[in-house]
Structure formats: C-alpha cells, structure tokens
Amino acid sequence: MKNIVVIGAQWGDEGKGKIVDILAPHFDIIARYQGGHNAGHTVYIGERKFVLRLIPSGILQPDSLCVIGNGVVVSPQAFNLEVEELRHLNVECEGRLLVSDRAHLILPYHAALDRAREHRLGKDGVGTTLRGIGPAYETKAARTGIRAGDLHHPDWLREKIRLNVEAANREIAASGGEILNPEILLDEFMPDAMKLLPFVKDTATMLNAAVRQGKAILLEGAQGTMLDLDFGTYPFVTSSSATAGGAATGTGLAPKSITGALGITKAYTTRVGGGPFPTELGDAAGTLLREKGNEYGAVTGRPRRTGWFDAVVVRYSAMLNGLDSLALTKLDVLDDFDEIKICTAYHYRGAVLTEIPYGANVLAECEPVYETVKGWRQSTIGITRYEELPQAAKDYIARLEELCETPAGIISTGPERSETIIREGSAIREWMK
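Count along the sequence shown from 1, add 3, and you get the number used in my numbering.
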C-alpha cells in the first residue's frame, strides 16, 4: 500500500505543484484535501507555465485521476475558469476530475464578507486573498454552508442561499460594505454552480474502495504547516488543516491508510501576508532572494516576504507531520551568495528557544540565532545528480538535514520537471517504484 501525503513545511509557496507533478505518474489518484482557490501551484513544462489554484497538480499527467476532497472549499466560478484554462492548453478534465459531494462551496457573499472584514481591520488585517475562503469555512463550522451535493436540489438550495445572503448582509452593512441583492446573486451564481454538478461524486467511498483495490493515492495539501489553523501562527493562518492530519479528514480516507509523508521546503524561507516571520530580511539579501526566486504570488501577484532558512520551523513541521523525507526546492536561488545563514534557534527575552513558542505575539518578538555557512558561488541550475553539486551546496543540504532531523530525498535545481535531483536510497525513490 502506497498512499503518501505531500505538505508544505513552511508558510506555503514551497513548490508543491512541481513536486506533485513529478510524483503523479507513479500514483493512480491525486487528491487535494484542503484550502480553496488561493493555492497557486505552479508547474513549468518546457516553455509552458501552468498555475493551478484549485485543481490538483496531477491533472497535467494524462493518466491521473484527480479528486477535490471534502476538506476543500470550492468556488464554482474559479473551478469553471480553471477547467476552461486547462482545456485551452489541451488538458481535458472531464472523466479525470471528481469533486466531493461533501465539499463546501464558496458563494459571492463569502467574498463580500472577506473584503468587508479586512477593510474594517485595516493594517491589523490577516492579509487574506479576499476570495471568501475563510468565511466559507466559517459557515461550514456554523452548519449553514452550501455543499456540492446540494446542487442536486436547486429549488431548496435557492431558498437556503436567500437566507444566507440576508444574514451576510447584516454584517456587511455593519462594516460599511455594499449589501447584496439575493436575486441578482442567485441569477449569477446558479448557472456557474450547476456546471460543477457533472463532476460531483461520493469521493470518500471511491477513495477507500481504491485503497482496497491496491491503488496508490497521492494526497496534495495547499498552503503550509505554519498556516495550519491549529498549529500555525494563529491568527495569521489559513482556515483549514494544512498538516498531514488534514489529509484523512479532508478526503474521508482512514488514517491508517496513509503510509508516508513528504514535506516541501525552500532552501530559504518566504511568507505572504501578515504575521511573524523571525528570519525576514529587509536588506539587499532579501531583495536578491525575491528577485532571483521570482517570489511573487502565483495567484495574487503580491511580493513575498523573504528570509533565511528557519530550521526551527521545518523541524516543527517534521514533528507534526511525521515526515519521511524533505523535498528541498529553489537551491539554485542561493547560487550567488558568498555566505548563507541558517536559523537554528530563537532569542526571546533572554532565553534561547529551540522549539516554536505558543502565540504569534511571542514569535514576533523572537530574534533568530544564526549559523553562517559558506556559499558555493557557482551555478547549480539544472543539475540532476547529487554528486555533481558543489561541495559547499552538499554541506549546506547535509546541515539542513541534521537540523531538521529529516533526510532530503528531492533537491530542485530549477522550475522545470527535468531540473530535479532524486536521491538514490531515499523514501521518494521507493515511492516512485
């Protein structure tokens, strides 16, 4: 049995899309288990660039069956747009893509609430993508949400949406926003939503049946561990379980069916939006990381905050997710540095912390304890054999493995599929058999 979960080991944007695309041919099913259309998984194939916000990255592999699990919140408009974009790129989704009937839908009032709240909070806002993802998870927890399976009952659904719009308008008005007309909303939303219906299926039953048949499932997370609703830098987090534990609840697979976990981490650190970031750089080194790493959001275009590698964060992720291996991405971005710093601990009010502390306010006060290592000052772009890396680069990787207590089975040396090292004897090699 080979059912592997792929998670981000930092604050998201680690390069999960490329890694899932590489692994997908060795699995029968690729299932996304949390998040919404804010993921921005980017895959380069030759000269072609694919940005997948909602649909699993495995859709780019012609023989893969892809699933959007019940833990995902689905915008019908975003779903339809992405299906159409893929069709224009000669990637067909019909017959290869399923949506859980238990997945909650994002409606226009969710996005309106998101905008109204962030506007009201001003500089103290969380820094959401304003797509309504958090409010959709709220209505899910409040038991007033709309699920994909509800599309089978459109008359009942219309009445439920009217009631939800009425409730949302009260908060929108109190925040000074523009209230929504429920009939206009329904006329615009329902045609888009009904296009989703042919894809809707009881995917939990299907996935568990696939496990019994011996099929291999790759479980794809969005965002990253430090944005997990429970274990991230709360409240500067996403609204779902981005850790490996979310793969079971977000798909309906029994936990014992999941046999391995792969954590994706950059060779440095980035973060988007508000919240603490101990190794953040505001100097020329941070700018170089951003420009050479093209650190701009695939979905929003926002510049990402950049900093040195934080081993405290990735070790914490390895613990929470039970990681068998790391995939280290964007090693080549560090090629031009004479020296590279690694955060090994934090200073906090006279104490040295080696674990992530409770509370974003505490982490915001933490100062990184750095270890400085020698850079390699030569190109690693496109290297596909570990032995061909500069010795200083191999030393850097070995030190990260030691600090994070997890081996690095994949090293990415460029954005394309081919620009990748897969190390012999690693768990990843076994998963690709």
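Hints were generated in silico from the structure; no laboratory data involved.
All residues carry an ideal CB built from backbone N, CA and C; glycine is no exception.
Don't take each hint at face value.
Dumping the calculated DSSO-like pairs for lysine-lysine here, alpha-carbon to alpha-carbon at most 30 Å [unchecked claim]: (1) 204 to 126; (2) 52 to 377; (3) 218 to 204; (4) 126 to 295; (5) 295 to 397; (6) 377 to 397; (7) 5 to 218.
Quick list of the computed label-pair ranges, beta carbon to beta carbon [what the hints assert, rightly or not]: (8) 353 to 322: 19 to 29 Å; (9) 374 to 200: 48 to 58 Å; (10) 339 to 156: 16 to 26 Å; (11) 215 to 303: 36 to 46 Å.
Checking against the hints above, which ones are violated? Numbers 1, 2 and 10 - these are the hints that the structure violates, sorted from lowest upward.
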